[in-house]
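J.: Knowing the structure of chain A, use the given hints to seat chain B on it.
Listed below, chain by chain, are the residues.
Protein chains: 2
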Amino acid sequence: MEFKISKELIQQLEQLIQTKNDQQLEVLLNDMHHADFAEILEEIDIDEATYIFKVLDSEKTAEILLELEDDLRENILKRLSAKEIAEELDELDTNDAADIIGELSKEKKAEVISELQDVEHAKDIVDLLRYPEDTAGGIMHKELVKVNENWNVLTCVKEMRIQAENISRVHSIYVVDDEDRLKGRLSLKDLLTTSTRTAISDVYISKLNSVTVDTEDVEVARIMQKYDLEAIPVVDELGRLVGRITIDDIIDVIKDEADKDYQLAAGITNDIETNDSVYELTKARLPWLLIGMVIEIIASFVLKGNEAVFEKYSTLIIFVPLLSATAGNIGVQASAIVVQGLANGTLKTYSRDYFSKELTVSMISGFIISMFLLVYHSVMYQQYMVGFAISISIVVVILFAATLGTLVPLFLHKNKIDPAIATGPFITTTNDVFGIMIYFAVAKLILGF
Amino acid sequence: MEFKISKELIQQLEQLIQTKNDQQLEVLLNDMHHADFAEILEEIDIDEATYIFKVLDSEKTAEILLELEDDLRENILKRLSAKEIAEELDELDTNDAADIIGELSKEKKAEVISELQDVEHAKDIVDLLRYPEDTAGGIMHKELVKVNENWNVLTCVKEMRIQAENISRVHSIYVVDDEDRLKGRLSLKDLLTTSTRTAISDVYISKLNSVTVDTEDVEVARIMQKYDLEAIPVVDELGRLVGRITIDDIIDVIKDEADKDYQLAAGITNDIETNDSVYELTKARLPWLLIGMVIEIIASFVLKGNEAVFEKYSTLIIFVPLLSATAGNIGVQASAIVVQGLANGTLKTYSRDYFSKELTVSMISGFIISMFLLVYHSVMYQQYMVGFAISISIVVVILFAATLGTLVPLFLHKNKIDPAIATGPFITTTNDVFGIMIYFAVAKLILGF
Numbered sequence: 016m017e018f019k020i021s022k023e024l025i026q027q028l029e030q031l032i033q034t035k036n037d038q039q040l041e042v043l044l045n046d047m048h049h050a051d052f053a054e055i056l057e058e059i060d061i062d063e064a065t066y067i068f069k070v071l072d073s074e075k076t077a078e079i080l081l082e083l084e085d086d087l088r089e090n091i092l093k094r095l096s097a098k099e100i101a102e103e104l105d106e107l108d109t110n111d112a113a114d115i116i117g118e119l120s121k122e123k124k125a126e127v128i129s130e131l132q133d134v135e136h137a138k139d140i141v142d143l144l145r146y147p148e149d150t151a152g153g154i155m156h157k158e159l160v161k162v163n164e165n166w167n168v169l170t171c172v173k174e175m176r177i178q179a180e181n182i183s184r185v186h187s188i189y190v191v192d193d194e195d196r197l198k199g200r201l202s203l204k205d206l207l208t209t210s211t212r213t214a215i216s217d218v219y220i221s222k223l224n225s226v227t228v229d230t231e232d233v234e235v236a237r238i239m240q241k242y243d244l245e246a247i248p249v250v251d252e253l254g255r256l257v258g259r260i261t262i263d264d265i266i267d268v269i270k271d272e273a274d275k276d277y278q279l280a281a282g283i284t285n286d287i288e289t290n291d292s293v294y295e296l297t298k299a300r301l302p303w304l305l306i307g308m309v310i311e312i313i314a315s316f317v318l319k320g321n322e323a324v325f326e327k328y329s330t331l332i333i334f335v336p337l338l339s340a341t342a343g344n345i346g347v348q349a350s351a352i353v354v355q356g357l358a359n360g361t362l363k364t365y366s367r368d369y370f371s372k373e374l375t376v377s378m379i380s381g382f383i384i385s386m387f388l389l390v391y392h393s394v395m396y397q398q399y400m401v402g403f404a405i406s407i408s409i410v411v412v413i414l415f416a417a418t419l420g421t422l423v424p425l426f427l428h429k430n431k432i433d434p435a436i437a438t439g440p441f442i443t444t445t446n447d448v449f450g451i452m453i454y455f456a457v458a459k460l461i462l463g464f
Numbered sequence: 016m017e018f019k020i021s022k023e024l025i026q027q028l029e030q031l032i033q034t035k036n037d038q039q040l041e042v043l044l045n046d047m048h049h050a051d052f053a054e055i056l057e058e059i060d061i062d063e064a065t066y067i068f069k070v071l072d073s074e075k076t077a078e079i080l081l082e083l084e085d086d087l088r089e090n091i092l093k094r095l096s097a098k099e100i101a102e103e104l105d106e107l108d109t110n111d112a113a114d115i116i117g118e119l120s121k122e123k124k125a126e127v128i129s130e131l132q133d134v135e136h137a138k139d140i141v142d143l144l145r146y147p148e149d150t151a152g153g154i155m156h157k158e159l160v161k162v163n164e165n166w167n168v169l170t171c172v173k174e175m176r177i178q179a180e181n182i183s184r185v186h187s188i189y190v191v192d193d194e195d196r197l198k199g200r201l202s203l204k205d206l207l208t209t210s211t212r213t214a215i216s217d218v219y220i221s222k223l224n225s226v227t228v229d230t231e232d233v234e235v236a237r238i239m240q241k242y243d244l245e246a247i248p249v250v251d252e253l254g255r256l257v258g259r260i261t262i263d264d265i266i267d268v269i270k271d272e273a274d275k276d277y278q279l280a281a282g283i284t285n286d287i288e289t290n291d292s293v294y295e296l297t298k299a300r301l302p303w304l305l306i307g308m309v310i311e312i313i314a315s316f317v318l319k320g321n322e323a324v325f326e327k328y329s330t331l332i333i334f335v336p337l338l339s340a341t342a343g344n345i346g347v348q349a350s351a352i353v354v355q356g357l358a359n360g361t362l363k364t365y366s367r368d369y370f371s372k373e374l375t376v377s378m379i380s381g382f383i384i385s386m387f388l389l390v391y392h393s394v395m396y397q398q399y400m401v402g403f404a405i406s407i408s409i410v411v412v413i414l415f416a417a418t419l420g421t422l423v424p425l426f427l428h429k430n431k432i433d434p435a436i437a438t439g440p441f442i443t444t445t446n447d448v449f450g451i452m453i454y455f456a457v458a459k460l461i462l463g464f
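Those sequence lines, one after another, are chains A and B. Each residue of the first sequence is one higher than the one before, counting from 16 in my numbering. Each residue of the second sequence is one higher than the one before, counting from 16 in my numbering.
Everything hinted at is true.
Facing chain B, from chain A, some residues (calculated, C-beta under 10 Å): (1) Ala273; (2) Glu288; (3) Ala340; (4) Thr361.
Hints were generated in silico from the structure; no laboratory data involved. Note that the Cβ used here is the ideal one computed from N, Cα and C, for glycine as well.
Looking at chain A on its own, in the form it has when it is part of the complex (with noise of 0.2 Å):
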C-alpha cells in the first residue's frame, strides 16, 4: 500500500522533465500524493524541480511546495517569479499561504501578495500575517464554516454546501449572530438528523471551546488535547470569530515543543536541523560549549585548589570522572522527570512528597553505587580509609545533585523561565563544580585535613 521512491521513478521523472513532456509529466502528478512526489523532488536537480512549478498546472504543484523541506522550497521560490508564487498560493488555505509568505524576503513578500488573484483569499492571507507565530493567529487558518442563528436548517445546508466547497474538512459548523460574534457550534450529525425548518438558535450547542488570537500556541495545544478537540474556533477581542485551528496544525506544535526540550536538553539554543548551514548550526551550539568552558574553568581553581590532597592519596583525583559522570546522571534524570511531570501536568509545583521520593531514590541509587566503589577500591588500592572517603562522598555528591535536578527545575517554572534549560550543559557542569567541591570536603573530612 505504501509509496516507496524508487531509481526508475526518478529518472522517470527526470526525462519527463529533459524532454518537456508536460502532458505526461501532468499524468505522473495525478497518479502521484503530493507528498509522495515532493519526496522525488528532493532527489532531483534544483532546476529541475523548479521547472515543475513553473510549467505545470498551480491546482496540483501548490500542495507539493507545501510538502518540501525548507531549504529545498526557499531554493525553488528564489527561482520564482512573483507572479508564479502568487498562482501556487492562490490554491492554498490561507495559512499554508501566509506561512510561505512568510518565508519570503520583504521586498518579494509585497510583489506576490500584489499578485495575487483571489480578493478575498489575498485579505485573509494579508490578515493572518499579522498575528506572531506562536500564537492562535499565527497557526489558525480562515478557512470554517458559519452560519448565522437567524437561519433555518435548510437554508443552513445551502450555505453550507457553498462554504464547504473550499474546505477540506468541516469539523464543526460555528453559529454566529449578526454582528459575527460567536455564539456556539453544529455538528455535521446533528444537522442530518434535524427537520429542515427547525430554527438553527433552536439546535445549535452554546457551550463551546474557543481561544483568543493572542493566546500562546502551546495553551491551544493543551486545551485541545485536554478537551479532545479537533477543531477549535479562534475569536478577536470582541469576540467575532476570525478562525479556525484543526489537530494537524497542533501536532506540530505538539512537536516542536518537544523537539526543543530535547533540543535544550542536548544543549541546543534555536531550532535546528540537519539541513540547516554551519553558521546556524554554530550559533545555535557554541554559546552553550562557552558556557559549559567558563563554569568547568572554576572546576579547574577547586582542583587546583586541593592540588596538596590528591598529592597525598592519589586515588581521589583518578575518581574525578567518575564522580563528575554519575552526579551529572543523577542531576538529568531528576531533572528530566521533573521537566515531564511540569509538561504533562502530573507536577505543578514543588511537592514535598514527590521531593522526598526523589531523594529515597538517589539514596538507593547512591548505597549501591557506594558499597561498589567501596570493595573496588578496597580490592585495588588496599587504602580502605580513602574508599570510604570516596564512598561518603559519592552519595552526599548524588544527594545534591539529586535536589539541585528536582529543584531547579521547579524553580525556574515557578519563575516562567523554561524548565527543559535544567537538563542542559548549564545544570551538569555547575553540578560538575559543585560536586567536585563536596567529593573534596568530605574527602578532608574523613581523612583529616
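T.: Coordinates of chain B only, in the frame set by chain A:
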C-alpha cells in the same frame, strides 16, 4: 472561558458526597466537562472519588474514569466491583474500554468481561485485547461507519444515521464489499452533495491509505502525518476492514515517542512519571548509573596510567573536568541533531555532506574554545607549552566526540537499534574515557614523554 479548579468547588463536591446528595452531584456533573471533573477528583479523598463511580450514572462517569491519572484510576478500579467496572466500560469506545481492561489483574479482567452487557461491544473489546499495544491493532477502535458498495446514496445515508449514533466523529465513511473487504471511502461532504439515487460504487474513492493490524504504531503515526490524515482504516491479513485509528490516538503515540527519546537522552529506560513508585523509578534509572560507573572506572585506569605525566605538569589534571564536559556537550549536541534528523526524515542514512558539515562546526567551536584556553592558561600559569598542549588536545577531543556523536546514532539506526540511546549516559561516559586517553596522548606527544 477556561475552567479553573477552585477550593470552593472541591469543598462543594466533598460536601455533596459526604451528605450523599446524589441529585445535586448529578447536576454538578452535568455542568462540567469530564476532563475538568477528573481534575477535581485528583484533589479529593480516594473513597470519596470512588463514590462518584459507584453511585452516579455510568453514562456520565465513564468518560471521567478515562481522564484520570493512571494511579488514581488504578486505585479506584481496585475499589469497584467487576459489575461496576463493566457498567462503566459499556459506555466507552471499544479501544478505551480495552485499555482499561488491560490495566486490570488477570482474574478481574475475566470477571469484568463476563459482566459486560452489550454483547457486540464485548466481542469487539475482547477482539482488541488480542493485539499488542504498540501495533495498529492495539490502538485502533472498532467504532466506524461503513457502507456496502452495492447500496445507493439514500440507503447509505439511512444506514449512516444508525451507525453514526454511537460514533462521536465520523471523518470518513468506508466502503466494503460483501466479504467486508475494504474497497474505498466516501466523504460526508460527497454524500451531502450527491443525488440520493446514485450508486455508491459510482461515487466512492478507491484510492485510500490503510494499514494492517500488525503495522507498528509509530509507522501509523508517520503515514498519517505524511499524508495529513485524520483517520486511517485498519484491515486484517485478508484485507477485511476491522477498525479505524483517528488522529487523537496518534497524538499520544507522537508524544510518547518524543518523551521516550527525551528520557533515553536523560538516562531513563522505562516510561516513568513523577507519580511512579520508588521501585519503578529506581529500576528505570539505576542501570544507566551503573553502566556509567563501570565505564568511568576505565577512565580511572587511564588517569592512573598517566600519573607520572600530571605529577610533572600539574595543570593538565585540573583541566580534565573541562575536557570531559566539552567532549560530552559536543557529543550530545551532535547525536541529538542526528537523532532528530532521523526521526523527522531530514536525514535517512550516513551522508558525507552532513558529516563534513558537522566536522566543520566542531572545528570552528573547537578552535574558538582552544584559543580561549590558550590565552587563559598562559596568563594564569605561564606554562606556554602546557597551554599549547591542552589547546591542541581539546580540538582533537572535540573532533573525536563529534565524530562519535554523529556516527554512533547512524550506526544504531542502521542496525535497527533506537538511535536515541546514543544521546544518553552510555555515550557521554564513553566519550569521557576516549577523551581522557586522547588528551594525555596528545599532551605527551607535544611535551615529549
